[in-house]
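Following the hints, complete the assembly by docking chain B onto the known chain A.
Residues per chain, in single letters:
2 protein chains.
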Amino acid sequence: MKKKPFARTPEPPYYAVIFSSIREEGDEGYAEMAQRMLELAKRQEGFLGVESAREEMGITVSYWRDRASIARWKADLEHQEAQRLGRERWYAAYRIRIARVEEERLFERGEV
Amino acid sequence: MKKKPFARTPEPPYYAVIFSSIREEGDEGYAEMAQRMLELAKRQEGFLGVESAREEMGITVSYWRDRASIARWKADLEHQEAQRLGRERWYAAYRIRIARVEEERLFERGEV
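Going down the list, the protein sequences come from chains A and B.
For the first sequence, our numbering begins at -14 and goes up steadily by one.
For the second sequence, our numbering begins at -14 and goes up steadily by one.
Each hint should be verified, as a subset may be incorrect.
Unchecked claim - Pairs of lysine to aspartate or glutamate residues, derived as EDC-like cross-links and limited to a Cα-Cα distance of at most 16 Å, are as follows: (1) A/K27 / A/D51; (2) A/K59 / B/E89; (3) B/K59 / A/E89.
Said to hold, decoys possible - With beta-carbon atoms standing in for the labels, derived distance ranges: (4) A/R(-7) / B/Q20: 29 to 35 Å; (5) A/R28 / B/L25: 40 to 46 Å; (6) B/G11 / A/R39: 39 to 45 Å; (7) A/R74 / B/E17: 36 to 42 Å; (8) A/E17 / B/P(-2): 32 to 38 Å.
Hints listed in this document are in silico derivations from the structure and should not be mistaken for laboratory results.
Note that beta-carbon positions come from the ideal geometry of N, C-alpha and C, so glycine has one too.
Excised from the complex, chain A in its bound form:
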């Protein structure tokens, strides 16, 4: 059976940050910073989980208890520096959408 990397979110309501991005060419320290930011985010109060995929576009959806948790994470000093480097070096463009999750439906095949 495949591993299922879904975020184990609680009953709604909670919040989602939908981060869609197009990378610049080359790594330039990106992979290391992305890993570090994931580890830091996981330790933030109110962090609920994350789901991620990249093809032409990357989509990372992180889940949070409330908007205050999202605001604290945005203001984290080390994260601020990563955001600055993201705009300077790593991303050609991105969209960040902050959304309140109102409903969730799950499907798991029988043999899970």
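Chain B alone, transformed into the frame defined by chain A:
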């Protein structure tokens, strides 16, 4: 300059359907149906755009004017049949989260 496949969504508020999935092995008609559903969705009233990426996990975020538009799309007969086949054949597991987008921030590199 790379093409930017971001959804051209309006000012919030609007809605996002975050569909995270793990596929079963093999195509079994999936690619054709996925293409057909994308075309159908684009013709639905209230459809605003879609962003998508797949690695181990697939994430497709579709954007909608309101929950009524999402409910109509869910109830579409051809889409209902695709949903049934998805559970029977194509997906090992999925999560669907319906979320109200409250805020959006954009970044585009200077030369765009």
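Going down the list of hints, with the structure as the test:
1. A/K27 / A/D51: Distance ~15 Å between A/K27 and A/D51 Cα, so the pair holds.
2. A/K59 / B/E89: It holds: about 14 Å lies between the C-alpha atoms, which stays within 16 Å.
3. B/K59 / A/E89: 14 Å, holds
4. A/R(-7) / B/Q20: 29 to 35 Å: 32 Å, holds
5. A/R28 / B/L25: 40 to 46 Å: With Cβ atoms ~43 Å apart, the hint holds.
6. B/G11 / A/R39: 39 to 45 Å: 23 Å, violated
7. A/R74 / B/E17: 36 to 42 Å: 39 Å, holds
8. A/E17 / B/P(-2): 32 to 38 Å: Given a distance of about 37 Å, which is inside 32 to 38 Å, the answer is holds.
When the structure is compared with the earlier hints, a violation turns up for hint 6 alone.
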